[in-house]
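Taken in order, these protein sequences are the chains called A and B.
If you're matching positions, the first sequence starts at 1 in my numbering and goes up one per residue.
If you're matching positions, the second sequence starts at 1001 in my numbering and goes up one per residue.
Don't read these hints as lab results, they were simulated from the structure.
Among the hints, erroneous ones may be present.
As the list claims (entries may be wrong) - Examples of chain B residues lying across from chain A (beta carbon under 7 Å, computed): (1) Val1219; (2) His1236; (3) Ala1343.
Unchecked claim - Between beta-carbon pairs, the in silico distance windows are: (4) B:Tyr1016 / A:Asp289: 52 to 62 Å; (5) A:Trp386 / B:Val1206: 19 to 29 Å; (6) B:Phe1345 / A:His228: 48 to 58 Å; (7) A:Asn171 / B:Ile1004: 26 to 36 Å; (8) A:Ala104 / B:Phe1345: 20 to 30 Å; (9) B:Tyr1016 / A:Gln490: 18 to 28 Å; (10) B:Ile1155 / A:Ala391: 46 to 56 Å.
Said to hold, decoys possible - Covered stretches of chain B, going by a simulated chain A footprint (3 or more residues, C-beta under 8 Å): (11) 1223-1234; (12) 1237-1248.
Nothing here was measured: the structure is a model prediction, and the numbers come from that model.
Glycine is no exception: its CB is placed at the ideal position from the N, C-alpha and C atoms.
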Amino acid sequence: MPAIIQMNSRKVLALNGLSKTFGSVVANRDVSLDLYRGEVLALLGENGAGKTTLMNMIFGHYMPESGSVDIEDASGVLVPLSLGNPQAAIAAGIGMVHQHFALAENLDALDNIMLGSERLNGLRRYKAAARDKVQEIMKESGLSAPLTVPVGRLTVGERQRIEILKALYRNVKILVLDEPTAVLTPQEADTLFKNIGTMTKSGLSVIFISHKLREVLAFSHRIVVLRHGAKVGEIATSQADESKIARMMVGAETEEHTRELMLPGKPILRFERVSAAGRSRRESLERIDLVVNKREILGIAGVSGNGQTALAGAISGMLGLNSGDILVDGITIKDGRPSVMVDAGVGRIPEDRHRDGIVGAMSVAENMIIECLDDQEVQRYGLLKWDAIQASAEKMSVEYDVRGPGTQAPARLLSGGNIQKLILARVFKRKPKLILANQPTRGLDMGAAADVAKRLLEARARGAGVVLISEDLDEILSLSDRIMVIHDGQLTLAKTRDRAELGLLMVGDAA
Amino acid sequence: MIRIEPRQSSSALMTYGIPVFSAVISLLLAAIPLTLSGAPIGASYFEMFKGVFGSKFAFSEMLTRATPLIFTGLAAALAFRARLWNIGAEGQLYLGAMGAVAVGTGVFDVSGMFLIPIIMVMGCAAGASGMVIPTVLKTKFGADEVVTTLLLNFIILFFLQYMLEGPLKDPMGLGWPQSSPILDQGMLPTLMDRMRIHSGLIIALVCAVIAQFMLVRSVWGLKLRAIGENASAARHAGIRVNRTLMSAAIVSGALAGMAGVSEVAGLKGYLTSDLSPGFGYTGIVVAMLAGLSPLGVVAAAIFIASVFVGADSMSRAMGVSSYLEDLVVSTSLLCVLLGGFFARFKFVRVTQKKEVMQ
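When you get a sec, could you build the whole thing from the sequences and use the hints?
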């Protein structure tokens, strides 16, 4: 357990009663908090609790309606920070790594890191010096990423490391990390936090936003909990435990979903020596064999960029096979297009729900029927049965708790969690025999994530097979009947449920 | 300090108000060149108004001018909805017109009840073929349809000139590069005595209503909108993206072809290489001004046609250059594009606290 930072340590940042509203939605209400030198502060809260908004106000992306921010200047005195001004925040030594990365995909890592901190009127660029500095930071922090490859070709995990390196390159005093470990392996996450620990010893203060109670408890000094935009709790980590924090976050004890044991049935999905090309060799599937049975959840653990996208693509019909066969319920799928997979009874929950899951400009109701446009309930003679579609959308919205401005409103107005519920409604309404759930709870709050888990377990009880691809080992462990680890496009059946051993398999370090 | 922020949602007022506002602004901006050319503003605008609404004849002329713009506007609007950038309506219009004269000048000497549909089908098919080629190039080889459709216009125009000097040339035409006239029974009936307005307008309006209905209420329309708004999600949902794109291309090309049919078989009677004063390109402005809505296309086409016809009569009455009409049409496009920006973003005044600056 990390040492508690003494309250008499120097204060580097003070938020005084910050409030922010978007239209009628209150994002932050009168939030005050302090940050001390060398401290790791965890900012916890459900989705939409206002964590990111709060950080965006510190960083100058948003202008608070009321309140002020004080920050330590060079002489160690707290001075007011110019609000709504990112340049001022950067100059004051605040660095922020966003959940959605802000990298130029056509530039390499070094250019991205240097971007914005170079003189505009300089005649030449000092790339060599910058490279040396970045390499030194990489050595110090243990974060590594290829510097010469265009960022667009790198994995999500690598991109995030570049974002963190970019902040460190600017000699920040205060580092804000928005869900930093969402895409890292447990080992990488541990290393990250260990190195953050090292850096805090030399004076860096860190605020990190997280959903994961385990890492918050393990690596922070102090925890601040937000709910509905207001600060509802502040606790020294040494005095906190999981149920205490969870209660603060959701206002009540969260129910644990218990996974009852079930006898798996006949195989529902079978991969026979499947090869499929991914973006790189590392992300390509090479003669994969895989079996998923009825009444079984198969968890696929692994670090992003090891072939998960190709695996999901093959199951969802988005990616053609180079060789091998896929059998769904004993029948070989010949032409694996998305519609063929849907018709074969495969329900697909895509990894990137904004890109592949919904058509944002179209209504919620239209998005609910988009996978079943041939159904008699939806259309006749090519004309949509609008009343029936509307009625069914209303019913599904209630049943799956899709909240938002209504079924006629564009789907892009929904929050991330509600978009996922919309997709769940669409998938589960068809009673699929096989469900592909690719990162189904990424970025969701505890309530919505629990809902996803409940639905997957229900489907399993109904007799469906589930392929659960996730980077969240806790999720894999709590839901899966069997676990396979994907690394370099190869699948390995895990014979253990031990976190550390699974982590080793994930980095390809199996003994 | 003023900052630009995206709007959370756009209201109905914005959706309908911005095109109307853009249209008004573009008309008002015409006052600047009018002043520079020394014409009295009030009288000029009055002449422009009179040129459209001053008489039954003026009004019918405006509707005659609007007819091809409705067709090309629909062609652009439907293709753009699918994110298929058809810049080639001008060429497809001429293909349609060539199709019409190919079958309408004596190959089939049947009654109008049969000949008119034959001419229309042939014109639509010819127009569609002009959009199928770039779409195949796009889906098979990834060729940018903006480039291919635009350049195909010139190829088609040269092809037209060849046809008018060769196979389609009127033997009785005294050597002029023009086609034989469409048979009398093949001409689209006129709507009013001694006026040029013809039933192509009715067909255009019916097409607009059908297009609106299909876009909103049919499975095809939903697929078209889905691939346009988010092709990746549409593909994931099992929609055949290329197939839908091809169907949009065929409908778009056919509508542009109908513009040619309507001009040649409704108005001129024979085909020359100056049949269209850029109806295909103006159709793009019409579609943008209409916010890509088929029914909006009708209103936008009427506005643009009014500007053309009104400015024409104004230039004759006041002695100012008739290029003014092009100016109004282009400023209206600029205004609507700018208006689209204001519909999506808003300006926020950011107040800085004084003590911060110390």
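Status of each hint after checking the structure:
The interface hint given for Val1219 (chain B) is met, as the beta carbon of that residue sits about 5 Å from the closest beta carbon of chain A, less than 7 Å. Below 7 Å, beta-carbon pairs count as interface contacts, and His1236 (chain B) has one with chain A at about 4 Å; its hint therefore holds. Interface restraint check for Ala1343 (chain B): the shortest CB-CB distance to chain A comes to about 13 Å, outside 7 Å, so the restraint is violated. Checked against the given bound of 52 to 62 Å, the beta carbons of Tyr1016 (chain B) and Asp289 (chain A), roughly 59 Å apart, stay inside it.
For the pair Trp386 (chain A) and Val1206 (chain B), the beta carbons lie near 22 Å from each other, so the given range of 19 to 29 Å is met. For the hinted restraint 48 to 58 Å between Phe1345 (chain B) and His228 (chain A), the CB-CB distance of approximately 29 Å leaves it violated. Between Asn171 (chain A) and Ile1004 (chain B) the CB atoms are about 31 Å apart, so this pair conforms to the stated range of 26 to 36 Å. Separated by about 22 Å at the C-beta atoms, Ala104 (chain A) and Phe1345 (chain B) satisfy the suggested range of 20 to 30 Å.
Under the hint 18 to 28 Å, the C-beta atoms of Tyr1016 (chain B) and Gln490 (chain A), about 57 Å apart, miss the expected range. A hinted range of 46 to 56 Å for the beta carbons of Ile1155 (chain B) and Ala391 (chain A) is consistent with their spacing of about 52 Å. Residues of the region 1223-1234 of chain B with a Cβ under 8 Å from some Cβ of chain A number 8, which satisfies the need for three, so the listed coverage holds. With 4 residues carrying a beta carbon less than 8 Å from a beta carbon of chain A, the region 1237-1248 of chain B meets the three-residue requirement, and the given coverage holds.
Consistency note: the structure conflicts with the earlier hints numbered 3, 6, 9.
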